[in-house]
Structures are given as structure tokens and as C-alpha cells.
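J.: Which chain is which? The protein sequence lines are A, B and C, in order. Okay, so the first sequence: first residue is 1 according to my numbering, each after it adds one. Okay, so the second sequence: first residue is 86 according to my numbering, each after it adds one. Okay, so the third sequence: first residue is 333 according to my numbering, each after it adds one.
What the hints contain is simulated information worked out from the structure, not anything from laboratory work. Everything numeric in this text was worked out from a predicted model, so none of it was measured. Honestly, I wouldn't trust all of these hints.
With the C-beta cut set under 8 Å, the calculated list includes, among others, these residues of chain B facing chain C [unchecked claim]: (1) Thr203; (2) Ile205; (3) Leu206; (4) Trp209; (5) Ile212; (6) Ile215; (7) Leu216.
Each computed DSSO-like pair below joins lysine-lysine, with the alpha-carbon atoms no more than 27 Å apart [as the list claims (entries may be wrong)]: (8) Lys255/B <-> Lys194/B; (9) Lys201/B <-> Lys77/A; (10) Lys255/B <-> Lys201/B; (11) Lys421/C <-> Lys31/A; (12) Lys198/B <-> Lys77/A; (13) Lys77/A <-> Lys421/C; (14) Lys201/B <-> Lys421/C; (15) Lys201/B <-> Lys260/B.
Label-pair restraints from in silico Cβ distances [as the list claims (entries may be wrong)]: (16) Met50/A <-> Ala361/C: 35 to 43 Å; (17) Met50/A <-> Ser258/B: 36 to 44 Å; (18) Phe400/C <-> Lys196/B: 31 to 39 Å.
For each residue, glycine too, the CB sits at the ideal point set by N, CA and C.
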Amino acid sequence: MVNRVYYLGLIIAFIMAFGSLWALLTDDLFKAIVVFGIVSLSSSVMFLLMQAPDVAITEAAIGSGITTALFIFTYKKLEDRKDER
Amino acid sequence: MRDERSLFINIVALLILSVIGFYIYKVSMDTGKGIKITDNITPQMRVADRFMNKNVIKEESKYVWGGTAENTSANIVTSVVVDYRLFDTTLEVIVLFVTILGFGFVIPKDKRKIIKPTTILNRWAPILMILMLMIGGYMFVNGHLSPGGGFPAGAIISTAVLIGVLAGRKTLSQKTLKIIEAVAGISIFSLGIASFVITGNFFQNFILNDRIGDLFSAGLIPIFYGLIAFKVAAELSNIYFEFYEEC
Amino acid sequence: MEILGWIFCLIGAVFLFLAGLGIYRMPDALNQSQAGTKASTLGIVSLFVGFSILKPEWVPKLIIMALFFLFSSPIASHAICKAALRRNKGNFYLKENAFLKDGE
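Required output: the full structure, derived from the provided sequences and hints.
T.: Written out as C-alpha cells, the structure is:
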């Protein structure tokens, strides 16, 4: 039970837990979007440690690329509306 | 806690979490055999037992489990998704289509044009697009030999169109994308009907199989994955165009 | 011969860590992009050289990956700096020449 893969999984699980707590409690919206992308990438690495490479590739392509891009588009629209006032 | 209603909901959530936490503690302290919830369930009472002997068209056909992958694809995940459970995959494709359909009702009518931000981005973007299209195409062509498949390949190809939009180059019109998506969707279902006419079952491989590990093996599996990849890429590119032109 | 590959991997890891530390410590967007792209490029190329020594059959794919990173990294920093310029409208951290502190 004690081998290197176990410790790497433990470290990444801590990163995911603290990152998601920080994304909830912060005030700035842009930081939450970036940390959300980091949590998605860490979950992709966890999928690779569980020996499922197809799911890892799909999660990395969609979670870190497409979801973050859509969030940034929405954030820009909010900023435009705030600048008009 | 702002008022009494949110306090009640929080206490109920904490109770449910504590019950789940108790079971997790019990599993982690066990010697590795898992939780035994009940003892009196016979194998005939399982939910999966009713579906193992079920076919969509015929009543008396049975499904044979075990053995190697008979459709000669080296990737077991691909052969489960595209050959053994192709019915579920086509329902997933229908769900994706309905989700994209909902975008057309939400986006307003006034649009803005796609501007080019700087000259460096405008000139350099096609080189990156070529690399991304190469990677995406490699992934769905080798879907039955290595990890990957059609769904991440569609996501990567749509990212190539996204970087074109952000740099000011609109390479495809929206009408072309809609035609690609419709043709791919119709082809998937017409191949299923063709296989019903040729063999006798819906969505069965009717091309003869070759050696495991070749590029041209595994029958209809690369063709299905290619159609799924193009359909997903066309839908996601449509979303990017509408999002960019709206805000 | 394997020890040389591990040394290159170690150099690459140290430079990647220093890139992240540099982004944390720099005060401004323009300085951060300098620290990010320069140190990251060196770290990644050194890591790939170390991998190609340890496993010689991965060399063509690693060359394509390194080319992709070298193509896309300067454009990303260019776009970020241009957006930071347009957003701040010129009020940066070090406005004038830092050597002329006393007097002027």
C-alpha cells in the first residue's frame, strides 16, 4: 500500500480540496474562474492515476479548454455591462 | 444562518453527510472486502439480470459475455462504447444535439462583427490551427488502437476554430457548420438501418474483421468515431461563433 | 548515460519552479509575463532533452511537442501584455526611470 503513486495521489487530492474551497470563498470573480480551471486539470491527473487514459484526455480537453473559454466570454459580457453604467 | 429555513436545510445536509461519513469510516477500517448491505438477494433478483438477456428487436436472442474482444479492436473502451453499447452512445449524441438547440433561443438578435485585434495574432494563427487539426485528426483515426477516440477529438478540433475566431479569422460560415452536423447525424442512423437490413440486428458490424492492431481493422468502429468527432466539433464551433458575436 | 538524463530533468524542474515563483513575486503584469515565458521555455526544453536521453523511441513526438510550445508561448505573452496595456491605460508600477529617484 505504501508506494509513490499513493503519495502523489494524496498531494493532488489536497490541491483539489483547498483549491475548490478557495474558489468558493473568494471575492474576485476572475480568480474563481482560474482556480476552477486548475481544479479541473488536477482531476484529469487523478483519472490518469486510476489507470483510465481515455477519460483523462477527455477531461483535459473539455474541462480546461472549453469550459474556461465559455466562462471568460460570460465574464467579459458582465464587465461590459458594468462599464456602461 | 440567515433565517430558520436555511438553518433547517443545513442541519439536514449535515445529517446526511454524517451518515455517508460513517460508512466511509467503516470501509476504511475494514480488511478490504467492502460493505455488505443485505444478504438475501439472489442473482436472479439483480436489475442487471433482466437486461443481460434482452435485445431490442428479437425476443429470444441472448447476449454472450466473456472472451476476447471479438470485433478485433485493441482498445477495450472503444469496443464497449462503439460496438457493444452503440445504442447508448447514439442517445448521448441526441442529448448533445438538444442542448445545442437550446442556445438558439437565448442568444439575442443584434450581432457585432469579428474584428482583428493585432497583426501578429492575425498572421500567426493559421500555423497553430494546422497543428491542432493534426492532433485532433490523429486522435479519432487511431481510436481503436490507442486511448482517445471521437469525443476528445471533436473538442480539440473545435478549439482550433476557437483560436481562429479570437484572432480575427472566420474560416467557416455558420451555414457550412450546420450542414456538416446534419449530414453526420443522419449518417450514423442510416448506417444503423443499413446494418439492420444486411445482417438482422440494429447497429451491428457488417464489415469483416481483420487482424488486431492494424489500422484498417475493427470494421465500422473508425467510421462511427469519425462521424461523432465531426458532429461534436461542428456543434461546439457554432457555440463559439454565437458567443463571440453576442458580447 | 542515464545519470545525464536525470540531471537534465532536475534542471528543468528547478527552472519551472523558479518561473512560478517569479510570477508570484513580480509586481506588475508586464514583468510577470517576462518571468513566465523565459523561464518556462528553458525548463520545458531541458525536460524534453532529459526525456529523450532516457527513452530514445519517443524523440519524434517530443520534437513536435516542443515545437508547439515554442510557437505558442510568445504569442500568448504578446496578447496578455497588449490586453494589460489597454486595461491599465498607462498607470504602471514603475512609471519613470528607476535610476533617477533622487532629485527629479
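J.: Are any of the numbered hints broken by this structure? If so, which, sorted upward?
T.: 6
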